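The primary structure of each chain is shown beneath.
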Amino acid sequence: MQANAKGAQLAIVHAVNGSAIEVEDLRKSYGDHEAVRGVSFAVERGEVFGLLGPNGAGKTTTVEILEGYRKRSGGRVSVLGLDPERRDRTLRERVGIVLQSSGIYPRATVREAVEHFSAMYPHPRDPAETIAVVGLEEKRDAYARDLSGGQLRRLDLALALVGDPELIFLDEPTTGFDPAARRTAWGAITALKELGKTIVLTTHYLDEAQSLADRVAIIKDGVFVAEGSPGELAPSRFRYTVSYQRNGDRVEHVTDDPTTLLHELTGDALARGERLEGLHVGRPTLEDVYFELTAEDAE
Amino acid sequence: MSSAVLAWRQFRFERRMFWRNPSAAFFNFALPLLFLVLIASAFGADRKELNVLVPGLAGLAVMATTFTALAFNLTFLREQGILKRIYGTPMPTGSYFTGVIGNAVANAVVQVALVVVIGHVAYHVSWPRDWGALILFTLLGVTCFGALGVAFSHAIPNFDAAPAYTNAVFLPAIFISGVFYDANNLPAVLSGIAEALPLKHVIDGLSGGLVTGQGVSHHLTALGVILAWTAVGLFFAIAKFRWE
Chain A
1 MQANAKGAQL AIVHAVNGSA IEVEDLRKSY GDHEAVRGVS FAVERGEVFG
51 LLGPNGAGKT TTVEILEGYR KRSGGRVSVL GLDPERRDRT LRERVGIVLQ
101 SSGIYPRATV REAVEHFSAM YPHPRDPAET IAVVGLEEKR DAYARDLSGG
151 QLRRLDLALA LVGDPELIFL DEPTTGFDPA ARRTAWGAIT ALKELGKTIV
201 LTTHYLDEAQ SLADRVAIIK DGVFVAEGSP GELAPSRFRY TVSYQRNGDR
251 VEHVTDDPTT LLHELTGDAL ARGERLEGLH VGRPTLEDVY FELTAEDAE
Chain B
1 MSSAVLAWRQ FRFERRMFWR NPSAAFFNFA LPLLFLVLIA SAFGADRKEL
51 NVLVPGLAGL AVMATTFTAL AFNLTFLREQ GILKRIYGTP MPTGSYFTGV
101 IGNAVANAVV QVALVVVIGH VAYHVSWPRD WGALILFTLL GVTCFGALGV
151 AFSHAIPNFD AAPAYTNAVF LPAIFISGVF YDANNLPAVL SGIAEALPLK
201 HVIDGLSGGL VTGQGVSHHL TALGVILAWT AVGLFFAIAK FRWE
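Protein sequence lines, in the order shown, are assigned to chains A and B. First residue of the first sequence: 1, per the numbering used here; consecutive thereafter. First residue of the second sequence: 1, per the numbering used here; consecutive thereafter.
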């Protein structure tokens with residue numbers, strides 16, 4: 001009894017001070033196939049963590065283990081100080097999940113659905129306010145089955161937010177959105193971050209990870225092939241392109257040290273009394289990193 | 001909120017959703033009553049036939065509202081990803097299924113009551129002779145077919161296949177189990193199959209409560225068969241359960 005109480009106390013201390021998510025050597029096999037092969041990472045409180053990777057890379061498997069949907073084959077996982085596999089109700093009360101695709105009762109109105117879900121949580125947000133946050137006020141009396149794809153996605157978000165979670169999982173939250181709807185969703189996610197929420201985001205859209213995530217991990221064949229902030233990830237491993245016009249032709253240099261190269265190029269040009277027409281320095285984008293890392297080996 | 005309050009909220013939510021779905025409302029409510037009116041009128045049923053038909057349709061109603069409806073609904077909830085969404089919330093599993101299954105049970109109880117009342121008012125079938133037996137066999141039937149419906153939903157690959165799968169069981173079952181005529185007049189092979197399945201025994205028990213006044217003590221075999229199927233249903237309903 002005493003040991004239990006002490007254990008619970010330790011868990012609480014850990015939950016308050018520790019990272020939101022800690023994963024050590026996570027493994028998951030389906031039969032002979034090892035979908036996740038020893039992944040380790042931590043997500044700090046208040047951080048937006050982006051998980052990128054092609055289909056079948058182990059992205060959704062990893063996230064679904066963190067969400068408590070799947071049992072891991074090996075490794076250690078802690079979500080808000082608890083083991084998600086045990087599916088404690090207290091953990092689920094603190095976590096909001098937007099799955100890639102999940103249904104809702106087709107004949108429930110937006111308001112009914114959000115109110116129904118709010119009752120499951122101990123300290124929910126106001127349902128009407130939550131509906132307003134995702135921009136569904138005008139549709140609050142519409143049946144779920146009469147909503148468009150984008151509106152359903154926003155209802156997904158409302159249902160994940162109505163419990164006022166500390167940690168939010170967003171699995172491809174803007175897939176199928178038009179550009180304007182994506183901007184709105186990005187705004188909503190940024191607003192959540194400003195409220196101090198921890199967010200784990202999986203996405204196919206590299207610009208989405210680049211604009212929203214504090215830190216990004218790229219997963220391929222069940223292992224992380226890169227991890228870091230979108231800004232630092234790119235330059236540390238990849239090359240800048242420097243290009244300019246010369247005698248009507250485009251000349252392009254690739255370098256990992258653009259400062260020196262530019263100094264030489266501009267020095268030579270000045271010495272010859274020429275100008276470097278159309279000078280352009282291309283910073284590697286997350287997209288370049290992504291495609292280089294996830295490309296199948298050509299050899 | 002406590003698990004009991006959440007179960008009650010889920011039940012009320014399911015009731016509201018049920019009444020908004022016209023085809024579910026039709027199959028659960030109108031169909032057994034339609035059978036009663038049509039058959040009783042078409043054959044100008046005499047007392048003896050009505051005494052078979054009323055308990056038979058009460059049994060059909062129990063099976064339709066629990067077995068068929070739950071196999072359908074769970075396949076739908078699973079395929080739509082609604083179960084998966086619920087699994088990610090703090091909603092206790094027991095509360096959720098109390099609400100979903102409670103909805104089916106409510107339909108069964110209302111339906112049996114309607115068959116009994118209409119049988120009495122429109123066709124002058126007497127009031128139930130043994131209320132205890134009627135209530136007991138209604139509850140046993142509901143539990144048995146509810147468990148079998150949940151278990152059967154695990155065998156249905158997708159929602160498009162649900163009508164074929166459920167009717168492949170439901171229609172033969174109602175034809176050989178004495179819903180429309182006395183099952184004792186069937187060829188031996190068919191009556192043998194009916195004896196092994198639960199519906200005939202539920203109908204026998206209901207008949208005891210509604211018509212003959214034979215209490216539970218006359219239906220110990222029926223009780224045993226129903227309980228055995230309930231155990232099988234519960235085992236597969238729980239052991240094979242899939243959230244997605």
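Think of the hints as simulated: they come from the structure by calculation, not from any bench. Incorrect hints may appear among the rest.
To be verified - Label-pair ranges, simulated between beta-carbon atoms:
1. B/P163 <-> A/G228: 25 to 33 Å
2. A/R283 <-> B/M1: 47 to 55 Å
3. B/P163 <-> A/E137: 34 to 42 Å
4. A/G196 <-> B/M1: 23 to 31 Å
5. A/D126 <-> B/P163: 53 to 61 Å
6. A/Y30 <-> B/A231: 46 to 54 Å
7. A/E194 <-> B/D160: 40 to 48 Å
8. B/R16 <-> A/D126: 17 to 25 Å
9. A/Y30 <-> B/Y123: 38 to 46 Å
10. A/G228 <-> B/S3: 15 to 23 Å
11. B/F235 <-> A/S229: 50 to 58 Å
What the hints assert, rightly or not - Facing chain B, according to a computed beta carbon distance under 8 Å, are these residues of chain A, among others:
12. E67
13. R70
14. I97
15. R107
16. H116
17. F117
18. M120
19. Y121
20. D214
Since the structure is predicted, the reported quantities are computational estimates derived from the model, not experimental observations. Backbone N, C-alpha and C define an ideal beta-carbon position, used for all residues, glycine too.
Tested hints:
{"no.": "1", "hint": "B/P163 <-> A/G228: 25 to 33 Å", "verdict": "violated (53 Å)"}
{"no.": "2", "hint": "A/R283 <-> B/M1: 47 to 55 Å", "verdict": "holds (52 Å)"}
{"no.": "3", "hint": "B/P163 <-> A/E137: 34 to 42 Å", "verdict": "holds (38 Å)"}
{"no.": "4", "hint": "A/G196 <-> B/M1: 23 to 31 Å", "verdict": "holds (26 Å)"}
{"no.": "5", "hint": "A/D126 <-> B/P163: 53 to 61 Å", "verdict": "violated (42 Å)"}
{"no.": "6", "hint": "A/Y30 <-> B/A231: 46 to 54 Å", "verdict": "violated (32 Å)"}
{"no.": "7", "hint": "A/E194 <-> B/D160: 40 to 48 Å", "verdict": "holds (45 Å)"}
{"no.": "8", "hint": "B/R16 <-> A/D126: 17 to 25 Å", "verdict": "holds (22 Å)"}
{"no.": "9", "hint": "A/Y30 <-> B/Y123: 38 to 46 Å", "verdict": "violated (59 Å)"}
{"no.": "10", "hint": "A/G228 <-> B/S3: 15 to 23 Å", "verdict": "violated (44 Å)"}
{"no.": "11", "hint": "B/F235 <-> A/S229: 50 to 58 Å", "verdict": "holds (52 Å)"}
{"no.": "12", "hint": "E67", "verdict": "holds (6 Å)"}
{"no.": "13", "hint": "R70", "verdict": "violated (10 Å)"}
{"no.": "14", "hint": "I97", "verdict": "holds (4 Å)"}
{"no.": "15", "hint": "R107", "verdict": "holds (4 Å)"}
{"no.": "16", "hint": "H116", "verdict": "holds (5 Å)"}
{"no.": "17", "hint": "F117", "verdict": "holds (7 Å)"}
{"no.": "18", "hint": "M120", "verdict": "holds (5 Å)"}
{"no.": "19", "hint": "Y121", "verdict": "holds (6 Å)"}
{"no.": "20", "hint": "D214", "verdict": "violated (24 Å)"}
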